[in-house]
Amino acid sequence: MNTIFDAKGKREGKVLPALDVPQQGLEKLVPDSLRRSRKPRIPALSEPELVRHYTRLSKLNYGVDDGLYPLGSCTMKYNPKVNEDLARLPAFAGAHPLADERLVQGSLALLHEASRYLCNIAGLSDITLQPAAGAHGELTGMFLFDRYFKERGESKRKRILLPDSAHGTNPASATISGFSTTQIPSGEDGMVDLVALQETLDETVAGIMLTVPNTLGIFEERILEITQMVHAAGGLCYFDGANLNAFLGQARPGDMGADAFHFNLHKTLSTPHGGGGPGSGPVAVSQCLVDFLPVPRITKDENGYHFDWNFPHSIGCMHSFYGNFGVILKAYAYILLLGDDGLHAVSDNAVLNANYLQEQLKKTYRLPYDRLCKHEFVLSGEKLGQGITTLDIAKRLIDYGFHPPTVYFPLIVHEALMIEPTECEGKETLDRFISVMEKIALEAKENPELLHAAPQHAPVQRLDQTRAARHPILTYPFDEPGT
Amino acid sequence: MTYPAQFRYTKEHEWVSLEGNKARIGITQHAQGELGDILFVELPAPETQLEKGDTLATLESVKAVSDVYAPMSGKVVEVNEAVEDSPETVNEDPHGKGWLVVIEVANPAQVDGLLDAGAYEKYLSDE
Amino acid sequence: MRYIANTEADRQAMLDAIGVSSLEELFNDIPKQVRNRYQPVGLPERSELETVREVQKLAPLNAAWQQYTSFLGGGVYDHYIPSVVSYVTSRSEFSTAYTPYQPEMSQGTLTAMFEFQTLLCELTGMDVANSSMYDGATALAEAVFMAERIVRTDKVAVCRSLFPHYRRVLDTYCQAAGIKVVEVPYNHIGRYDTDSLPKGISALVLQNPNTFGIIEEMNGLKEQLGAALLIVAVNPISLGLISAPGEAGADIVVGEGQPLGLSPSFGGPFLGLFACRKQYLRNMPGRIIGRTVDAQGEMAYTMTSQTREQHIRRGRATSNICTNSTLCALAAVVYLAGLGGDGLQELALLNLEKAHYLAKRISSLPGYSLAFSGPFFNEFVIRVPGDPQSICRQLTQEKILLNNPSSLSELGVEQALNFAVTEQRTKEELDSLVDVLRDVT
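Residue numbers (my numbering), protein chains in the order written: chain H, 1 to 483; chain V, 1 to 127; chain C, 1 to 441.
Be aware that one or more of the hints could be misleading.
DSS-like, lysine-lysine: derived pairs with alpha carbons at most 25 Å apart [unchecked claim]: (1) K383(H) with K11(V); (2) K63(V) with K278(C); (3) K39(H) with K59(H).
Each pair of labels, with its calculated beta carbon distance range [stated by the list, open to error]: (4) R160(C) with G33(V): 53 to 61 Å; (5) E188(H) with G113(V): 25 to 33 Å; (6) A64(C) with F307(H): 15 to 23 Å; (7) K156(H) with P385(C): 53 to 61 Å; (8) R52(H) with K360(C): 41 to 49 Å; (9) E188(H) with R160(C): 57 to 65 Å.
Some residues of chain V that are not near chain C, with every Cβ distance over 12 Å (derived) [as the list claims (entries may be wrong)]: (10) Y3; (11) A5; (12) K11; (13) L18; (14) K22; (15) E34; (16) Q49; (17) S86; (18) V102; (19) E104; (20) P108; (21) A119.
Derived by calculation from the structure, the hints in this document are not laboratory data. Note that the Cβ used here is the ideal one computed from N, Cα and C, for glycine as well.
Just chain H, same shape as in the assembly (with noise of 0.2 Å):
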């Protein structure tokens, strides 16, 4: 059964629980015009089926609790199973979003708490935790600024500056605000420009979004100055906390000059990545933006905690509710398991990784930025043998079962191959996967073919992706279920 709907023939079904008031009758209730015609072509799978269906493909996957997941800025580090227990809390699990307040005050106090941590590591003075994802975070970030600049009737202020090293995500958040964007070069020492910088400030900039440290894994060493350059030029500084692992515990971006900053709690604060989601992605902001912030905010008095509505320059609700509060919870049990020292231990553990990775993987793989880096680094597939691509290379380390590093980003590295080890991995992982890449490297030059047939021991092998966009079949083809 490759999907449910190949299980064949008609099982008897779930049992539901019998009609225990009188029935009036479905003609009688729903007109006959406001009724479906066609039943969902949805099959019923008895129990055993089911799981052996998704356990079987469960086993096509790779999950971090498999092994080694070195994907640069995604931060795959070990996901707490104690946080799973805990956000499965009747409690917590039960509590519905529009129950009163009187009913939910420990899941306020719960995102109060969380609240306040995350202001504190983050040297910030207010928080939203109603983004569900680090690039919703920035599109509320962008909201902020841009009701920030309106109420000061300052509306030419329509450009974000983006180093050229941005996330997809950047760009693609200011322009659906109405922003336009200006890439703002990085220089040789793969940093922001200062130069190009200060070309380009002027009274149309709205502000800068930065991701510290940068996607190629170095700290902007210039970042007072630049935070420095742009509020000078009116405008705000939006961090992009996906790299916080390289810095946590240890400086806060609210002391760099950031006025806006998101979490990815999927990343730094390990909750789980879910193949995709759910995330949550909290915006913390310095004192200008907090009148702005979403409502309903969470505030505390001698009577308990209650939902504030009364905030009239808020730029309104970015969620239905007050964020994904099943995994702001996670987020919250890891930052008491570890504590400050824990907190620090984190970068120390994931910055030591990377540099010895770096260090041993220079040997034989280009390293465009040679320097001591942060918490990832990049190298390039270059240069490795007669018509390598960092593609072969990725696919080929899937056959020695690692998942591959994070590839072709960022754009301005070719052939770019980004590489986070995080915090959790030991020194014994570390040289295997050093190894491995050795022998690929070797493999490359005296026998190319082993890289462009990867992967081998994979589940499937590779995909023809010009078929699937080139002949769409993105529901399944119950009329040719051969397909």
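Assemble the complex: chain H is given as a structure, and chains V and C must be docked to it using the hints.
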């Protein structure tokens, strides 16, 4: 390969074929190879006015989106609907059936700033 | 508690290999000024035991839900969630996996998302669906943005009878994007007012069932809209019974997928549903999974049409969305596959009958009546003979959960309460509510 002598070329890998006051434009063999299988072609609306350097068309492959830039200023008078339906034509015959757009040039002298076949081939081998 | 595998010896060996003498040296690139400003959060490191205790201290500050009877709705319903759902989503190969950019190692997630897309299309009658958005409200906002891109008009018409939280998010997004929102009122039977459809709009947004629980009439609506798109927000369980918007010519369908196997979890994580007609595929936001073959001709799944997305199109992407709600979508697939089409229909019927039983019984109490006469699914509005806030408080004291009446009065429905009924509400619970209402002062 040898590039058609009657065309002119840009460093952004477009070719131009001057036909009186009209210029037929496409991408070069090299460019289609770099892009990979082209899946979608977005062409401008007829009558669109373009300055040299404006985005003329967009080509999508599986993993990338590439802009094609106007090598000369002019007004779009014809677009190749056939490649909208069969984008693979651009891969198969980039210098012939895979043409993209015909523009009515504002200033035919702009063609002098473009590379001839020999210069383009040299540019490719230097890259 | 630390999740770190390195030993002290490992660390020393690595420092030596790098050629630095201390960990401190690795942080010299951060300006001293910044490092000196750092202030700790003020938390000790805790063992797992202590952390559990700390978090559990907050639990009793919430009501003990098992002692309460819930009639709360608003897109989030108290449906029964079979154990198999969390069993599957807890498998770490699903929960700890990344976004499936490397399809060869992600066929589990990709296959399940292909199933999810298919299920959504079957339920809604649409051609294509993405593999989730954050929640129903943001899915709706993205649908409006998509309509604006297609029709190129910066005005959208929205039925007043949307969930208040949908409307708030939509207003926020539209305000920032410069899209004008015009309202279509509801009539006396609780449906949108057909005489008030505005012109010159990119889309009409309709919720079905709407916030009053009323089932809207969608037939013929698309024809009245001209070039404007029809966007319908749905309750997926209701689609076991009521018309699929695709059958009525809807262009985009969105919704909240929480009823499909997700706990209420104080509002998140939830599941944004998004489906549309195939001619709009290139404009659709979010990840889409497609079927293809591998180098050996074996059937396989992959992310496709990625050129719409931010990692390729960047500033010109159809959306900035990256992380979505994949694991929640997996829950929904398992939930639906366990029910089947017949089971879903039966489940919807249970919801319908129980809700109507309760509505009938309540409206036979003196002073109580149905606010709207339109047909409804599992949620309805009752006019009450007194201060609804006071009645609400008294019901809460009797451990009955219902929505604050202010969300109704915000929409111009005064002196009323709304109730949602699911298959979990027994006859005893329903009768008990009626008894309490009868005795209320």
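Status of the hints after comparison with the structure:
no.: 1; hint: K383(H) with K11(V); result: holds, 24 Å
no.: 2; hint: K63(V) with K278(C); result: holds, 21 Å
no.: 3; hint: K39(H) with K59(H); result: violated, 32 Å
no.: 4; hint: R160(C) with G33(V): 53 to 61 Å; result: holds, 56 Å
no.: 5; hint: E188(H) with G113(V): 25 to 33 Å; result: holds, 30 Å
no.: 6; hint: A64(C) with F307(H): 15 to 23 Å; result: holds, 21 Å
no.: 7; hint: K156(H) with P385(C): 53 to 61 Å; result: holds, 57 Å
no.: 8; hint: R52(H) with K360(C): 41 to 49 Å; result: holds, 44 Å
no.: 9; hint: E188(H) with R160(C): 57 to 65 Å; result: holds, 58 Å
no.: 10; hint: Y3; result: holds, 28 Å
no.: 11; hint: A5; result: holds, 35 Å
no.: 12; hint: K11; result: holds, 23 Å
no.: 13; hint: L18; result: holds, 31 Å
no.: 14; hint: K22; result: holds, 29 Å
no.: 15; hint: E34; result: holds, 16 Å
no.: 16; hint: Q49; result: holds, 19 Å
no.: 17; hint: S86; result: holds, 17 Å
no.: 18; hint: V102; result: holds, 25 Å
no.: 19; hint: E104; result: holds, 27 Å
no.: 20; hint: P108; result: holds, 32 Å
no.: 21; hint: A119; result: holds, 32 Å
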